Amino acid sequence: MIPHERSLVERLKDKPFALLGVNSDADKVYYESEKAQNGVSWRSFWNGPKGTQGPISGKWNVRGWPTIYVVDHKGVIRFMNVRGEAMDTAVDQLLAEMTADGAGK
Amino acid sequence: MNRILTPLALLALGAWLPAQAGGDAAAAAKAAYDMLVAEWTAEQAAARAAMKQVADSAEYKAARDAKDNDTARALMAKAKRADAKALGLRALALADQHGAHGGRFAAYAATALVADKEVAAAAAERLERSYLTDPSMLTVLASPMGLFSALGTEPAKALLGKVETANGDGIATAWAKYWRAILLQRGKPTDEQKAEAEGLLAAAEKLAAGTELADRIAAPRFQKERLQIGMEVPDIRGEDMDGVEFALSDYRGKVVVLDYWGFW
Numbered sequence: 001m002i003p004h005e006r007s008l009v010e011r012l013k014d015k016p017f018a019l020l021g022v023n024s025d026a027d028k029v030y031y032e033s034e035k036a037q038n039g040v041s042w043r044s045f046w047n048g049p050k051g052t053q054g055p056i057s058g059k060w061n062v063r064g065w066p067t068i069y070v071v072d073h074k075g076v077i078r079f080m081n082v083r084g085e086a087m088d089t090a091v092d093q094l095l096a097e098m099t100a101d102g103a104g105k
Numbered sequence: 106m107n108r109i110l111t112p113l114a115l116l117a118l119g120a121w122l123p124a125q126a127g128g129d130a131a132a133a134a135k136a137a138y139d140m141l142v143a144e145w146t147a148e149q150a151a152a153r154a155a156m157k158q159v160a161d162s163a164e165y166k167a168a169r170d171a172k173d174n175d176t177a178r179a180l181m182a183k184a185k186r187a188d189a190k191a192l193g194l195r196a197l198a199l200a201d202q203h204g205a206h207g208g209r210f211a212a213y214a215a216t217a218l219v220a221d222k223e224v225a226a227a228a229a230e231r232l233e234r235s236y237l238t239d240p241s242m243l244t245v246l247a248s249p250m251g252l253f254s255a256l257g258t259e260p261a262k263a264l265l266g267k268v269e270t271a272n273g274d275g276i277a278t279a280w281a282k283y284w285r286a287i288l289l290q291r292g293k294p295t296d297e298q299k300a301e302a303e304g305l306l307a308a309a310e311k312l313a314a315g316t317e318l319a320d321r322i323a324a325p326r327f328q329k330e331r332l333q334i335g336m337e338v339p340d341i342r343g344e345d346m347d348g349v350e351f352a353l354s355d356y357r358g359k360v361v362v363l364d365y366w367g368f369w
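These protein sequences, in sequence, are chains R and L.
Residue numbering for the first sequence follows the numbering used here, beginning at 1 and increasing consecutively.
Residue numbering for the second sequence follows the numbering used here, beginning at 106 and increasing consecutively.
Please keep in mind that the hints were generated in silico from the structure rather than gathered at the bench.
Any given hint could turn out to be false.
Computed footprint of chain L on chain R; a stretch qualifies when at least three of its residues, placed anywhere within it, have a C-beta under 8 Å from a C-beta of chain L [said to hold, decoys possible]: (1) 26-40; (2) 58-67; (3) 83-89.
Just so we're clear, the structure is a prediction, and the values are computed from it rather than from any experiment.
Think of the CB as a built atom: it goes at the ideal place given N, C-alpha and C, for glycine as much as any other residue.
Please take these sequences and the hints and turn them into a complete structure.
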């Protein structure tokens with residue numbers, strides 16, 4: 001999962017795109033060491049010291065990890081739980097829609 | 106080396122602090138508690154190291170290569186384990202020793218050290234006897250599932266009922282109602298139990314209004330009403346991993362993949 005997301009972020013680094021995490025590692029020290037080893041460049045909210053039992057995932061009723069939402073440039077939820085190639089396709093579609101829409105000009 | 110030094114250093118601190126504070130009982134309890142936590146952390150680290158040592162040994166690798174699982178398991182069983190039970194019972198003795206300031210010891214026995222039925226029963230008894238309205242009860246109620254499964258459902262429900270009675274309309278009561286509802290919903294609840302759980306959740310949500318607990322109770326509804334495809338995404342405000350505040354809405358105008366993840 002992480003290598004795919006890393007390559008997605010890399011591929012779209014000049015596009016109006018952001019991968020944002022809600023990170024549920026209870027231990028920030030562990031997070032930092034893994035972050036360095038895995039080349040994680042994206043920004044995450046921290047779900048707090050209770051890890052997967054933290055407040056953000058709690059409010060959103062997240063039961064499975066990872067849980068993924070894809071949101072378009074207008075802030076509308078368009079896809080859920082797309083992984084791998086399906087995630088790439090979804091993001092590319094939304095970026096194309098955005099260009100067609102003339103947004104970001 | 107640190108594993109041994111840290112508890113010793115804290116032991117020295119523990120002996121020194123109360124004397125300096127002129128018998129400040131709260132400070133003494135805090136110091137003794139920090140020492141207990143450091144000891145448990147060190148024991149767990151030592152146990153992990155012992156297991157790793159076995160896993161790296163030639164004997165163990167040979168057994169694994171030969172698919173001799175019995176031998177491999179026997180070798181691993183010789184690695185020294187962290188003894189949650191011994192420490193749990195000691196935590197409860199410390200609770201007795203520190204009396205009114207001992208709630209945190211009972212809470213620690215009921216959460217981090219609750220591997221064992223005997224510890225669970227003793228911790229529940231101790232909490233019930235002295236700490237029903239103590240702030241440490243909230244620590245227990247934040248992650249009580251280990252205690253509940255070691256204790257059994259009926260004793261767990263009885264303890265929660267006592268928390269509710271003792272705390273009136275307080276937040277501890279909201280948590281107790283929430284957990285009683287969760288216990289009622291487990292397995293194959295009857296219609297009556299389902300209805301009781303619904304009632305408890307509604308009451309808990311009301312008592313906990315504006316808190317994380319209320320959000321948690323409302324979560325299935327929130328997901329259904331706010332998190333479907335085609336809906337405007339609700340905002341998230343929080344801190345990033347470096348402690349810098351930001352919001353999901355800061356990224357409006359971009360395509361966003363929001364990923365609930367972790368390394369664990």
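Status of each hint after checking the structure:
1. 26-40: Check passed, 7 qualifying residues.
2. 58-67: holds (count 8)
3. 83-89: violated (count 1)
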